[in-house]
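Trainee: Now for the letters of each chain:
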Amino acid sequence: MIVMIGLLIGILLGLFLDVKIPDAYTTYLTIAILTCLDSVLGALKAYLGRTFDNIVFISGFFGNAIIAVALTFLGDKLGLPMYLAAVVVFGGRIFNNFAVIRRLLIDKYYKGKRNDALE
Amino acid sequence: MKKNNRNMQWVLALVFVLLGFLMAYQYKQLQDPVKKLTVQETEDLFHEIEMLKEEKTALIENNNELTEELKSYEIAASSSNEANQLLKTELDHSRLLLGLVDVKGPGLTLSLKPTDPLLNPQTFSYLTDLELVYIINELKFAGAEAISINEKRIAIQTGIKSSSNNSYILINDEKISPREEIIIKAIGDKNKLNSAVAFQGAMSYNALEFYDIRFQPVDELFINRYEKPFSTSFIEEAR
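Protein chains in written order, with the numbering used here: chain A, 1065 to 1183; chain B, 7 to 245.
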């Protein structure tokens, strides 16, 4: 619940606040968004698998973003499109997480049904 | 333990605020297709404009001071005898004719505003150097003694030329845009000027027919002076 409210506030802030991030950093921003999304899905997976831990989630959220951005920066300096690596890895992980989440949800659904039947 | 959990929830909310902000910001950025310059470039340009503006004001001030000084020299020189005084009057008259001084007098203001291109999607075009030269010629033929376009004085060595595929028109090496309103001022016999412009078909030359043209005789007009030096690299007096 509080998560949803936070997300909503963030979206509103982004839409209506007139902050200027220089265009040169657009790649970094997109990479950061991608890693953050991955972390969020990872957290959802962990939550459904009952292994969720706040510290792990938050450190992953910021840590992954920082590392991805740093790699992209390094790639920029070396003329190597490192952001592609980040896009591939984190994109792949997002799909993986989705797969696991799907399985967990299906498991949960069947378990619920079985429990219903037992009662 | 419970308190700790509470705190963690706030941190989580904060994290999601950040995520939402980033996504919304990026989305907004991509919705804005006109932006081509980076922020750095824009800042640089603004900075440059500011500097040039300052420089321009300083130079104009300098110019004014020097003109005043020159005037005082001339007055000092001409006050001594009548021949010199005559020379001074002659000099002032020449300056007036050449457009080297600010002038005022009755005349006509003419405003050219482009209409919406959607009204004539097939044929619409913006005006070019041709139309401006045509108007100047019409005004001069009707006896205009001083003319300016968007405060740029048309002097004896003024050239008018479209540039960059008519994205702007150069007058005295300064740009005016055919996409915005253009104001032309002319000092002369205001009735004569008015009838020249009002003459049937006079203001429908080429692209002028796509412009909203308004003109008005005025009792007192101010036209500023030609602000560039004349060049005399090639001409010399033939004896």
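Note that these hints are calculated values from the structure, not bench results.
Among the hints, erroneous ones may be present.
[Claimed, not checked] Calculated lysine to aspartate or glutamate pairs in the EDC-like style (CA-CA distance at most 16 Å, straight line):
#1 B:Lys196 x B:Glu226
#2 B:Lys62 x B:Asp218
#3 B:Lys119 x B:Glu47
#4 A:Lys1084 x B:Glu226
#5 B:Lys59 x B:Asp218
#6 A:Lys1084 x B:Glu49
#7 B:Lys62 x B:Glu233
#8 B:Lys110 x B:Asp218
#9 B:Lys34 x A:Asp1082
All figures in this text were calculated on a predicted structure; none of them were measured in a lab.
Trainee: Hint by hint, note whether the structure agrees.
Mentor: Evaluated hints:
no., hint, in the structure
1, B:Lys196 x B:Glu226, "holds (10 Å)"
2, B:Lys62 x B:Asp218, "violated (33 Å)"
3, B:Lys119 x B:Glu47, "violated (31 Å)"
4, A:Lys1084 x B:Glu226, "violated (48 Å)"
5, B:Lys59 x B:Asp218, "violated (31 Å)"
6, A:Lys1084 x B:Glu49, "holds (12 Å)"
7, B:Lys62 x B:Glu233, "holds (11 Å)"
8, B:Lys110 x B:Asp218, "violated (26 Å)"
9, B:Lys34 x A:Asp1082, "holds (10 Å)"
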